[in-house]
Amino acid sequence: MLKSKSFLMSLILVSSIGLVACGGGNNDEVNAPANDSETDNMNNETVTGEGDVPEKPEQLTMWVNDEDAQIDALEEITAKFTEEYGIEVNLTPYSMVDQVEAISLDGPAGQGPDLFFQPHDRMGDIHEQGLAAELELTDDQLDRLSKYNEEAVQSFNYEGIQYGIPAVVETYALFRNTELVPEAPETIDELMDIARDLTDGNNYGFLMEATNFYFTYPFLTSSGGYVFGQEEDGTYDSEDIGLNSPGAVEGAEVIQSWFEEDLMPNGIDADIMNGLFTSGQVGMVVTGPWSIPDYEEALGDNFEISTLPEQDGEVLSSFSGNKGWLVNYYTENEYWATELALFLTNAENSETYFDIAGELPAHTDVEIEDEFMSPIFEQAQHAEPMPNIPEMSQVWEPIGDALEFISQGDDPQEVLDEAVEQIKEQISIMN
Amino acid sequence: MAKINSQYEQDTLVNPKHNPTVAALLSVIPGLGQMYNKRYIKGAVLFILFAAFMVVMIEFIGSGLQGLVTLGEVPRQDDSRVFLSNGILSLIIVAFFLSFYILNIQDAYKDAKRIQLGWKVPNIREGFRNAWDTGFPYMLIGPGLFLLIFVVVFPLLFMAFLAFTNYNLYNAPPRHILQWVGLENFINLFTINEWRNTFVSVLSWTLIWTFVATTLQIALAMFLAVIVNDPRLKFKKLIRTVFILPWAVPAFVTIIIFSAIFNDNFGAINLQIIEPLFNTRIAWLQDPFWTKVALIMIQVWLGFPFVFALFTGVLQGISSDWYEAADIDGANRMQKFRNITFPHLMFATAPLLIMQYSFNFNNFNIIYLFNQGGPAVRGQTAGGTDILISWIYGLTFETQQFNMAAAISIILGILVATFAFFQFRRSRSFKEEGTF
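Residue numbers (the working numbering), protein chains in the order written: chain A, 1 to 431; chain B, 432 to 867.
Only chain B is shown next, with the shape it has when bound in the complex (with noise of 0.2 Å):
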């Protein structure tokens, strides 16, 4: 092979009679293209392979099929969810199927390909040599996707294939048959006044609650971080302990404790704090204003150490060497801040610092833990507080609507996934990979 240069040019062709397009075409049946190119225990290998598979699969797989397509026929007798997770399984193995089907015609394909050009059949041993050199990584990471592809593949195909059912609570399975309602949900959704206000306003309340809450403790964490960092500070490794605190305990216990010494009437911060000072009580819990207000105190309070502590060994290794030149040139604190720590600190977290926001926009725990959504808001169905998640909490849980709370989430996912993913391709983290 290596004695061939220019692949494309006829007359170099060593095997002219023998044609890839008659390889490609004999595999539709799997083995035949390879049996072609004289690999006859590859060819029965994969004729075999392919053929027990059929004669194993199709039942499961044509019922499989046409379940998802009818979800059951007979109230009672079937179970439109069984149908659903088996037609899902069936176009799972359908798709692993197909790719098989397609690089075992490629495969034929190639290998005819290189056999005019006068390449030699290796032998067996020398065959599963090749094999075992370029497929290893392959085989490593195989058994990883393929239980990937169960486990958290198959969960959200079955997520989204809801999204486009009548499952609620009053045509549920066993008793009835559902329905495929193509997109109903997604039009409900955004033409039901009560659903598309409260919609409209949960999604607005979930991004500034995002933004504002991640950057504040971001930004904090920051300022710590460089101050602590200091060399003239005494005592750093308790005052880093101190700061390192609100992580250790756990998160679900400090927000029930936050909420309630923020609780209006007898909380410690309105009776020992405001009420002293300022001779008022402010309505933590009541008024959605302050209720927000309370909420990303609390989180940046409860986010910021980790930030804290990323922050923290970064900075430890940005050499020194850097700031000495910076002050050969006479640059004074502020040009050193922005033109070495900055970008320094910056390049190594973004993608961590990206998390914090999806964290956030996807931050249950805090929202339903502190006052469940509260407070009520006249007129809407969510709290004044309530974030997407805990919204489709309370859709699925409290009235059991779960194709809308399955469409739902379908929205929240892609928004996540969006956000995600252009952050992610913009931040240099990833764009410079390997330059450093």
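Next up, chain A with everything else stripped away, as it sits in the complex (with noise of 0.2 Å):
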């Protein structure tokens, strides 16, 4: 009976292989199961870190996201982990965007890992499949929490179920060519200001993705629109949408103007900012890390990134993605597997985590000495992370829409109206 069972696992794959592959995602790792020995380890009880400290396991495995710099990272912190606890910690490199769906098979049939790695928006989802463990956090843990980024603890946490132990915190900034803007602006006003003097035919004074809700979020929202309503202990109100509201906007309307003034192009996307930003065209774009290689590339010294502009003297909060450390639910070492995602990302773990892979700390005690990285770590200190609700999935694409209406000259608060509509319909259909 194992034996079919294996054959079985193996033949779900490949009809969800089958299901799935328009996706054109990574399928070839979605493995199989390795043997049948493992398959009786199925227990849903999961240990609970309360009282005494339970036994230590003999190892502990990781799903790691398969870039080189993070295996090699993750790899120098777990052996100092197994000098400390004397507990093997086995990594697995596996694509950040199919773990999901990998545990979901895999976690039942007691083949996941005891953690797994993910990025805070998928915390509805993770919650809906009933994948993390929900953690119980002794004091001492608890303790050593609080000395996170209180934000980026709080998106691991899901109706008030701590599901994660955020590791890394990513956001976007403001980055200038010295050579045409030698100073960052202070405030949004003097950015227009320096927008209108530069902008002049194919040069441009400050471009960003102006269709694209996750960059264009610290300008719709500074005048106090939200996304959803919140309650005292973060949990969020799906059915209280902000978006349409007076505030959202008037954000709207400032956007709007960059384009009626011919501030900015129609139609611009990633490609065309990157595209004029680095042959000099432009004097600032609103873009995230990930662009830095490109553009130290081709402006050299001229290249200098600051936090965002301010309005009413307090900086925008751009939205943040955090990427943490989740405890399998079918583990049997939850407080160990909690150990060891608390140990990866301390201060110090996450200074040799930021110096080998480069993305920045959610632990606040890390020095970053890095002149591009610093203004985004400290961007990060002011960002909100994107909610992580499942009904987010549904604002993306109508506030998306809605953009590109506001930026073709329709009325900002008859498309939004339209978009929240549009929301509210969806989510309703959702559920």
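Among the hints, erroneous ones may be present.
[Said to hold, decoys possible] Some chain B residues close to chain A (C-beta under 8 Å, calculated; not the full set): (1) 504; (2) 507; (3) 600; (4) 603; (5) 606; (6) 691; (7) 697; (8) 701; (9) 806; (10) 809; (11) 810.
[What the hints assert, rightly or not] Heads up, simulated DMTMM-like pairs for lysine to aspartate or glutamate below, C-alpha to C-alpha not over 20 Å straight-line: (12) B:723 to A:348; (13) A:80 to A:348; (14) A:424 to B:829; (15) B:541 to B:661.
Keep in mind that the hints were calculated from the coordinates and are not lab data. Source: prediction; values computed, not measured. Glycine is no exception: its CB is placed at the ideal position from the N, C-alpha and C atoms.
Two independent chains are provided; combine them into the complex using the hints.
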């Protein structure tokens, strides 16, 4: 019977590959269960971390995003963990994007890892499928967690349940060509003035992906717009959408004015923006750390990064994406897996990770000394994590579309009302 | 057997006591009927095979079928997807079993009938040889068919079954157990306003897209192929090579490049062609109408080389005798084309051309890579140029509505299948198979 079980599992995998084939994802990595003897680990009770420290397991396994730098960094860090606690750590390279799908089959079958790595906006998805363990942190662990970026910790909390330990934060900031814009603008008005001065024909003062909600969030919400209303404890209210509130409309009008004054061309996208910026035709753009290598190569020393400008004395809050370690629901070593996650992300190891993998840590005690990354790290302190509820997946497209209509001159209030209506309808269909 | 000409006349029965009905009834327990026919070894082998099958599989099939009905009972412990797969496997195995079971009964009945008419049971060697002779083609396609059932039919069934469950983000295994919801997904698709409007507008664009883009690419290919085939034309090889070029570059590269040169503000088409000539710009990526025009043009460009190559090949094969005869009869160019060239082209290539239509019906690449199905349309969830397949992609991967995606896939599959079926049936290539 065991034999046929593994045969069936592989058939299921084959079928699921068939189902997702049009996605073009990297399905080859969905590996069939390795051997039969492990299938009898099916245990639905998790060991909780309360009271005494549970016995140490011989080894822990983790899925690591399959990027060489990240694997190298984590190999170094886990070696230290083994030295300190005497627990072997097994790293399996596994693309972060494919992990959720794989663990939903491997987890219940007892084949999953103890720890896996996910961005915080998949929390709703992971919660609904029940893939991550609800962490029961000891006082000591809670104490350590309090040193982390609060927003980042909160972003791994879903409906009051702490699911993960944040490792990495990522956000965007204002990138400048210092030849054109020597001083970073302090306020939005200053930014607009510079943009008006420099924009002429195919030269632009300020460009951004203005129809991508991820990047426009700070400008759309600076006057009081918001995506979902939040309760005191941080849980989101998906009924309360603030994207057609007066504040958001005000923000949308500002964005529309960029297009009306021809400060920004219609149909702007990342390719165009990067192309123009690297050829030195743009003063300022809004983008994230992933653009640094290309920009540095193109502009050399004439390239600087600063936080977003201020409005009413506050730095605009950008959207941040956090990535963190989650404990597999089906693991038997919840306590030690959590310990490992905290170890991986503590101040010292976060620094190692930043040095090797170049990703900004969620631990706030780390000192980042890098001319490009420090401003982004600073911006991250002002950033707002993207809402982690699954309803968020219904927001991107309608708002992106609305921004496109706004860029083409449609009435912001009308367009945003429609978009919010559509989001609400979609959410109600979803449920 | 050969001696008996009138099988159905009672008086020619050689063994009137041997009763086919009895043989068939005995075969209810496989092998017994064969034994009754005095084919002891065959009977024994059958009996052992069926008994072994029963002992090994009955438990799996039983629990599989039961699981298919319940889809699991205890959340967390039972994974509905596993139950569904086991159930489908059981169904397939049961189907195998039933067909062999029926074959077994038929076999016993037929043998008995022949014995009744005086047929001598062959000895083992002869029996084997007979089976080998008649069964040879089946032996060869057997493994392929078997594989096909698990590699093609199984995933298809899995998808089809999902369309009748409530598998979406909020009800996903392993935390939740799936339920059967019957036709609810299909009913929702046609009753919830937002779904219905989107579905109808996406479907209508899909049909227009398929028809216009494919027909144009075939027409262009035919025009060029006929011209290039003219004996007076020089540099044929070079011209043909140039025409095949669009086919040589990977389509996705071409599409991405096109999406850049069609850009409204920075693309070469607007800046270097339209603006100098007409002093205006066309909103290729922002106006749904122009996006559609652009997409059709690109698809014609990408798709015609294949049809062109096909037609060129066929044109070489038309015997010049036809044209000579036509010349003698005094036919003009148009008549020759209409009565000789065109029918020949169509006859040889119709099935492949139909494939072109079904290919474009599901041509995800161009739609998605060019503009992600955009531009946005107010009051609709799909983009202005989304065809069904790219819409389903969005549903599955952006909002994880697996049940709806499966339901639409089924409708899509049925559409393509009927289309292809009737066209194939009507095309002369199939009707007149073997006449040429």
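How the hints compare with the structure:
no.	hint	in the structure
1	504	violated, 14 Å
2	507	holds, 6 Å
3	600	holds, 5 Å
4	603	holds, 5 Å
5	606	holds, 3 Å
6	691	holds, 7 Å
7	697	holds, 6 Å
8	701	violated, 10 Å
9	806	holds, 7 Å
10	809	holds, 6 Å
11	810	holds, 7 Å
12	B:723 to A:348	violated, 55 Å
13	A:80 to A:348	holds, 11 Å
14	A:424 to B:829	holds, 16 Å
15	B:541 to B:661	violated, 62 Å
Violated hints, listed in ascending order, are 1, 8, 12 and 15; each of the other numbered hints is respected by the structure.
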